[in-house]
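A.B. asks: Please build the complete structure, drawing on both the sequences and the hints.
Protein sequences, first through last, are from chains A and B. Mind the numbering: the first sequence is residues 1 to 115 in this note's numbering, read in order. Mind the numbering: the second sequence is residues 1001 to 1115 in this note's numbering, read in order.
Keep in mind the hints are simulated off the structure, nothing from the lab. Treat the hints with care, since some could be wrong.
[Said to hold, decoys possible] Partial chain B-side listing against chain A, Cβ under 7 angstroms, derived:
(1) 1046
(2) 1101
(3) 1107
[Claimed, not checked] Pairs of lysine-lysine, DSSO-like flavour, derived with a Cα cap of 30 angstroms:
(4) 22/A - 41/A
(5) 1068/B - 41/A
(6) 41/A - 1049/B
(7) 1049/B - 22/A
(8) 1068/B - 97/A
(9) 1049/B - 1068/B
(10) 1049/B - 36/A
(11) 41/A - 19/A
(12) 36/A - 19/A
(13) 41/A - 97/A
(14) 22/A - 36/A
(15) 18/A - 1049/B
(16) 19/A - 1068/B
(17) 1061/B - 36/A
(18) 22/A - 40/A
(19) 36/A - 18/A
(20) 19/A - 40/A
(21) 97/A - 1061/B
(22) 1068/B - 40/A
(23) 97/A - 36/A
(24) 40/A - 1061/B
(25) 1061/B - 1049/B
(26) 18/A - 40/A
(27) 1061/B - 41/A
(28) 41/A - 18/A
(29) 22/A - 97/A
Ideal placement from N, C-alpha and C gives every residue a C-beta, glycine not left out.
Each chain, letter by letter, is given below.
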Amino acid sequence: ETGVTQTPRHLVMGMTNKKSLKCEQHLGHNAMYWYKQSAKKPLELMFVYSLEERVENNSVPSRFSPECPNSSHLFLHLHTLQPEDSALYLCASSQWKGDSSYEQYFGPGTRLTVT
Amino acid sequence: AQSVTQPDIHITVSEGASLELRCNYSYGATPYLFWYVQSPGQGLQLLLKYFSGDTLVQGIKGFEAEFKRSQSSFNLRKPSVHWSDAAEYFCAVVLLSGGSYIPTFGRGTSLIVHP
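C.D. replies: Right, here's the structure in full:
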């Protein structure tokens, strides 16, 4: 595997279910991000981890719980979601440094449908 | 507050015609600038980025962008559009200082290509 991978690619879950999204990066980066992309809305940054520590949490509801066990893996644990949480969830990674090497690499996303 | 504006929600061009997608930013200092492309159901792919130096930046797939400090703009151009360029295009900015490397994305511009 190369780049940033996300599993599953599609997920349908009921509002009472618990599920997890997984992201893995094979680029040697030390920062990982979760974004939510809804139709007709801007890309929303949810969480940022740098060196496995959370550095950003943009007022995301507690029904979304991130986990970053190491610099290569990022999870998003989901429970008691609402229909408005249906969206494409994108994972990205980068080097956490302020020079010209900085750029984000995105995974293909998980299309989540909450029924 | 920092912001990125992509004023055009949709752009329609004929195949072979030239293209310009607009991006304006509002920051206290010159940020670092990026353009990404997203095909349907996919993650974002970096087209090009600007950090410093020559204000005309070349990217992949025949795209280029020009940074104009006086206009706070970073417009994306392509001299001849192909049908495969139909996608969503995102401008992003990041301030690579202060130890926080978190980008802000524009709302995106959807490019439609007519044969």
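A.B. asks: Each hint needs a verdict: does it hold in this structure or not?
C.D. replies: Hint check:
1. 1046: 5 angstroms, holds
2. 1101: 6 angstroms, holds
3. 1107: Holds, about 5 angstroms.
4. 22/A - 41/A: 23 angstroms, holds
5. 1068/B - 41/A: 27 angstroms, holds
6. 41/A - 1049/B: 23 angstroms, holds
7. 1049/B - 22/A: 28 angstroms, holds
8. 1068/B - 97/A: Judged against 30 angstroms, a Cα distance of about 25 angstroms means the pair holds.
9. 1049/B - 1068/B: 14 angstroms, holds
10. 1049/B - 36/A: 23 angstroms, holds
11. 41/A - 19/A: 24 angstroms, holds
12. 36/A - 19/A: 16 angstroms, holds
13. 41/A - 97/A: 29 angstroms, holds
14. 22/A - 36/A: 14 angstroms, holds
15. 18/A - 1049/B: 39 angstroms, violated
16. 19/A - 1068/B: 46 angstroms, violated
17. 1061/B - 36/A: At roughly 27 angstroms apart (the allowed maximum being 30 angstroms), residue 36/A and residue 1061/B satisfy the hint.
18. 22/A - 40/A: 25 angstroms, holds
19. 36/A - 18/A: The given pair, whose Cα atoms are some 18 angstroms apart, holds under the 30 angstroms limit.
20. 19/A - 40/A: This hinted pair holds, its Cα atoms lying about 25 angstroms apart.
21. 97/A - 1061/B: Within the cut-off at roughly 27 angstroms; holds.
22. 1068/B - 40/A: Satisfied, since the Cα-Cα distance of roughly 28 angstroms is no more than 30 angstroms.
23. 97/A - 36/A: Holds: residue 97/A and residue 36/A sit about 24 angstroms apart, inside 30 angstroms.
24. 40/A - 1061/B: Given that 30 angstroms is the threshold and the Cα spacing comes to 26 angstroms, the pair holds.
25. 1061/B - 1049/B: 14 angstroms, holds
26. 18/A - 40/A: Status holds; Cα separation ~27 angstroms.
27. 1061/B - 41/A: Distance ~26 angstroms between residue 1061/B and residue 41/A Cα, so the pair holds.
28. 41/A - 18/A: The hint holds at about 25 angstroms.
29. 22/A - 97/A: Satisfied, since the Cα-Cα distance of roughly 24 angstroms is no more than 30 angstroms.
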